[in-house]
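Chemist: Read off the chains here:
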Amino acid sequence: MTFAYGREPVLTDVSFSVRRGEFAALVGPNGSGKSTLLRVLVGLLRPQQGEARIFGVEPRALRDRWRIGYVPQRPALTGDLPATVEEVVQAGRLAHRGWWRRPKPLDSEAVEHALVAVALADLRRRPTAELSGGQQQRVMIAKALAGEPDLLVLDEPIAGVDREAQQQFRDSVVHLVEHHGATVLLVSHELGAVADDLDRVIVLKRRVLFDGAPAELVERGVSLGVHHDDLPLWLEHLEDRNHIEIP
Amino acid sequence: MPWPFELEFMQRALLAGLAIGVAAPLVGTFLVQRRMALFGDGIGHAAFAGVGAGLLLDVWPTWTALVVAAAGAMSVEWLRAHGRATSDLALALFFYSGLAAGSVLLAKSGDARPGQYLFGSVLTASWADVRTVAALTVGIVLAIAVAGRALFAVVLDEESARVNGLPVDRLNLLLAALTALTVVAAIDVVGTLLVAALMVLPVATSRAVARSFRATLLLATVFGEIAVAAGLTASRTWNLAPGGTIVLTAAAIFGVVTLAAGVRAASPPPHTHQH
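Residue numbers (the numbering used here), protein chains in the order written: chain E, 685 to 931; chain A, 49 to 323.
Treat the hints with care, since some could be wrong.
As the list claims (entries may be wrong) - Derived list of chain E stretches under chain A, where covered just means 3 residues or more per stretch with a C-beta under 8 angstroms from a C-beta of chain A: (1) 687-697; (2) 718-731; (3) 779-791.
Everything labelled a hint here was simulated from the structure, so no lab data went into it. Positions of the beta carbon are idealized from the N, C-alpha and C atoms, including for glycine.
In isolation and in its complexed conformation, chain E is listed as follows (with noise of 0.2 angstroms):
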């Protein structure tokens, strides 16, 4: 697919797929166009040419969309929120009930799991403007997962939070890949946590310069253990060619 805003080319002849049940990152320096793919595959933007499709369909025509979990970029919890971290959650459920029925028992063993998952059980009450940075990540992704989806769609969610809010984070999402079959994908300039537990690293820099898994990485020589820290600058310092090389 391409994508441009106005005249700017953001994505060019960009192509991949993600398989059912792959832990996928989508790395990239700032600027690459990460966020906009992300937002064509959910089908907040079309394409201007080619075209994405999700579970078989183009994104927009997608029937069951609880189907997709998507905890975008920006923080949506701002601190005059007064929302509790269980009605921020529960939020997330609307979708797969019908968000004109009542909540059902069913719904309430979901939000708990979504919560459990997490690691924020015990501060379901909490309001949400007095949760740390990483744990209001975390609340996001709990809000995504209580729709039970089959593809969970993260954007940027380690971004700024500490070490440990970054294990937790990683521990919920290989939870939900290994325990659920879910579909994961992450979209980061610093991959943290997850490295180790990636199926599929796909470098973008407005078009894709590398595909494949994290050990076919290493066979370019980068290893994501060695660039574990200093992965967001060697990615600014990526050149816009079809190999990757060791700046």
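Here the structure of chain E is known, so what remains is to put chain A in place on it, guided by the hints.
Modeler: Relative to chain E, chain A alone:
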């Protein structure tokens, strides 16, 4: 009923006021969270133009106000959603145009009482007015009961709600329509100029103390009811304009509660020991 509601006109005023005291903060809670606190104000002015049109055309002004307010609310929402104008710019457009159109139409109709519609005249409300206000309020409460959770999901994160397949555009239009209904219901009680205050002040008070969204909704209606009952009492006691007094009471409650909440937050915990 005991003083100051022993007279029938005061009972009618109380019932109409209590109905608005529920409806306005309920709708306002969602507007404030969307940072559209002045939405009710802009729509109030559109409703004022609707009143003028009704008087000129010799049609029941409540209906014309409802039509114009609903059209205005949905136009503002459309301008906002399609990026044609920022929320405040779209509101300003309706704010000034509505006020100007209302004054022109009212003068043309020969009705020289703009104050009655701008500031309310709850003491002259008839039982038919009370029934209209009550019916509009019941509709608003039912709509919030059914769609409240979905509206919360939209104000929480519109983008995620859209990805999840919630009917975001229709829910936003519903909120706009509920705002228009509330404004029209409140014309006789506090008037179009002050209706936005009852959509915002009890909500602001509630947000100072509530620890959940559900509590924010419930407490906002409680503060709305207190403002109406206390405001009408003060109005009777000191012979003050009822609409303005209700709003001033809501503002005073906001001041007291916010101050008390601030003092409580700043106080050390009761079991803190100094060693």
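Chemist: Each hint: holds or not?
Modeler: Verification of the supplied hints:
1. Counting residues of the segment 687-697 of chain E whose CB lies closer than 8 angstroms to any CB of chain A gives 0, which falls below the minimum of 3, so the coverage claim is violated.
2. Requiring three or more residues with a Cβ within less than 8 angstroms of a Cβ of chain A, the coverage given for the segment 718-731 of chain E holds, as 3 such residues are present.
3. Under the rule that three or more residues need a Cβ within less than 8 angstroms of chain A, the assignment of the segment 779-791 of chain E holds, with 3 such residues.
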